[in-house]
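Enquirer: One letter stands for each residue in the lines below.
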Amino acid sequence: MPELLEFQDAFVAALAGAPDALSPWLAPGAGEAGLSVYRNTIAKGCVDALAANFPTVQSMVGEDWFRAAAALFAREAPPTDAALLDYGEHFPAWLDRFPPAREMPYLAGIAHLDRLWTETLFAAEAPALSASALEGLAPEALAASRLALHPSVRFAAFDAGVPGLWLEARAGREDLDLTEAPEALLLVRRDGRVLSRVASPAETEFLRACRAGQTLAEAAQRAAAVDPDVPLAHLFAALIADGAFSGLSLETSS
Amino acid sequence: MPPTAGLGLKPQHYDDAVAATVEGLWFEVHPENYMSAGGPRLAALEAVRERRPLSLHGVGLSLAADADPDPEHLAALKRLVDRFAPFVVSEHLAWSTHRGRHQPDLLPFPRTAQALDRVAANIGRMQDALGRRVLIENPSLYLPLTGHDLDEVGFLTALVERTGCGLLVDVNNVFVSASNLGYAAEAYLDALPGEAVGEIHLAGHAPDEGGSALLIDTHGAPVAEPVWALYRRLIGRIGPRPTLIERDDDIPDFATLMAERDRAAAELAALEPSHA
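Line order of the protein sequences matches chains A and B. Heads up, the first sequence is in our numbering, so the first residue is 1 and it goes up one at a time. Heads up, the second sequence is in our numbering, so the first residue is 1001 and it goes up one at a time.
What the hints contain is simulated information worked out from the structure, not anything from laboratory work. Note that the coordinates shown come from a computational prediction; the quantities given were computed from them, not determined experimentally. Be careful, since some hints might not be right.
For lysine to any residue, the following SDA-like pairs were computed, each having C-alpha atoms within a straight-line distance of at most 25 Å [as the list claims (entries may be wrong)]:
#, chain 1, residue 1, chain 2, residue 2
1, A, Lys44, B, Thr1157
2, B, Lys1078, A, Glu125
3, A, Lys44, B, Ile1216
4, A, Lys44, B, Asp1250
5, A, Lys44, B, Lys1078
6, B, Lys1010, A, Ala43
7, B, Lys1010, A, Ala49
8, A, Lys44, A, Pro19
9, A, Lys44, B, Gly1131
10, A, Lys44, B, Ile1251
11, B, Lys1010, A, Asn40
12, B, Lys1010, B, Ala1255
13, B, Lys1010, A, Leu121
14, B, Lys1078, A, Asp81
15, A, Lys44, B, Pro1011
16, A, Lys44, B, Ala1221
17, A, Lys44, B, Arg1099
18, B, Lys1078, B, Gly1131
Restraint ranges, calculated between C-beta atoms of paired labels, are given here [what the hints assert, rightly or not]:
#, chain 1, residue 1, chain 2, residue 2, range
19, B, Asp1253, A, Glu125, 29 to 39 Å
20, A, Gly172, B, Pro1226, 35 to 45 Å
21, A, Ala212, B, Arg1132, 38 to 48 Å
22, B, Arg1132, A, Pro105, 46 to 56 Å
23, B, Pro1071, A, Leu72, 45 to 55 Å
24, B, Asp1253, A, Asp48, 16 to 26 Å
25, B, Pro1002, A, Pro105, 55 to 65 Å
26, A, Gly172, B, Ala1037, 23 to 33 Å
27, B, Glu1186, A, Ala124, 42 to 52 Å
28, B, Val1018, A, Asp48, 19 to 29 Å
29, B, Ala1266, A, Ala238, 50 to 60 Å
30, B, Arg1051, A, Ala238, 36 to 46 Å
31, A, Pro99, B, Gly1210, 43 to 53 Å
For each residue, glycine too, the CB sits at the ideal point set by N, CA and C.
This is chain A alone, in the form it adopts within the complex (with noise of 0.2 Å):
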């Protein structure tokens, strides 16, 4: 092996606690407190990127717990990417399986909004589709018409009031409650800003089959098995005003 990768891989050894491995390199008795340097070095900056990354989870567990929360995390799943405003795609799953967080169960579902927020913010730039942009088409050609989702888009169901307990705590609410209907949220990235609201039942099944490629008939149909009552004229309106859809193809074969 390469010195160097086999210095490396020393390193890596000496950081996660066997310091012996680093010997061959350093003086007997020397090198204790610049190890620990590195290590802290390492560990605040997982802990900070997952900090900005997870800010709602932060603000209804504490910092203290949070940060030793994120340490665990950090250690078992580092990142893979030096780019960390992506860190932490697994931490709601982690979450999820995390003994102290047991009494939390809404947490793991309030760190996957929080991811979605991430991602919703960082997604690609595409121009909104707008409701003009619809005007003079036929009802039929307009029935057979499939519509993209903005790259921003994110959606996500859950069988509780997550998204609720979710936009409170963001909002910076205290006294949270959660309630037990099921609820989703929509978020979408509009000017520059990402914009977050509870949407219905319908709504989100809506939005999975205009997902899946299928047409805005195929959409409201499915919408409708969700909930006969919906009003889709108003759904499919107000989906388009929150910026929800890039574009709009006519062609009638998918």
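Following the hints, position chain B against chain A.
Expert: Frame of chain A, contents of chain B only:
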């Protein structure tokens, strides 16, 4: 690019940066913080770049890893270089990525002949991919490693000769490393090949909260007076160079950082005309 003084750009100062009117001001960012497909951060950087020169200072390419630079990271860097046309692109004499895992720090290594071959080859790959010369920065060191074939200045000088790269001299890193490893910062600075130096960094440091005698390169405090003295000594010898005030932690308001930046600008302006 005239050798004036710049400031590390932080997201909380985007509006101040756009509104600033002082002559000669430029900004620097870590490209890793802008490696996204889209979003408002890139838009804010565009707005600053429309008004000011920009430098891209990489912290994650891991040039001293015993591996080729990550092609995706290099491609993302190239996209930013193409989009923002920076007047300088720089990276560190350090490694951070190892067998697919990224350690967000700038890690040391024994400066052997083999390491020189590897780092020189990686700088060559970086320069080829970007189609331009890059500057390499001296690291802050905390471990008294043995097994070096070259001292740091000798290693950096060899990289300049082999790859045509330039140097980014972080005077605070020289001060911190010299204190931690027990050598003379003045002799280090005096031995650097002055014509290769394309940029200078100034930052703050702090004693180790862990209780050791080490100094930590925190970027969380104002530039210390002994570092200013070393800076004067360096530019007195090699002449003015674009000089950056770096602050990445415990970040004060824009005006406070600009006062430090203006001090660097005054030091540059006070040089003998023979340097102008």
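Enquirer: Please flag the earlier hints that this structure goes against, numbers listed from lowest up.
Expert: Numbers 1, 5, 9, 23, 31 - these are the hints that the structure violates, sorted from lowest upward.
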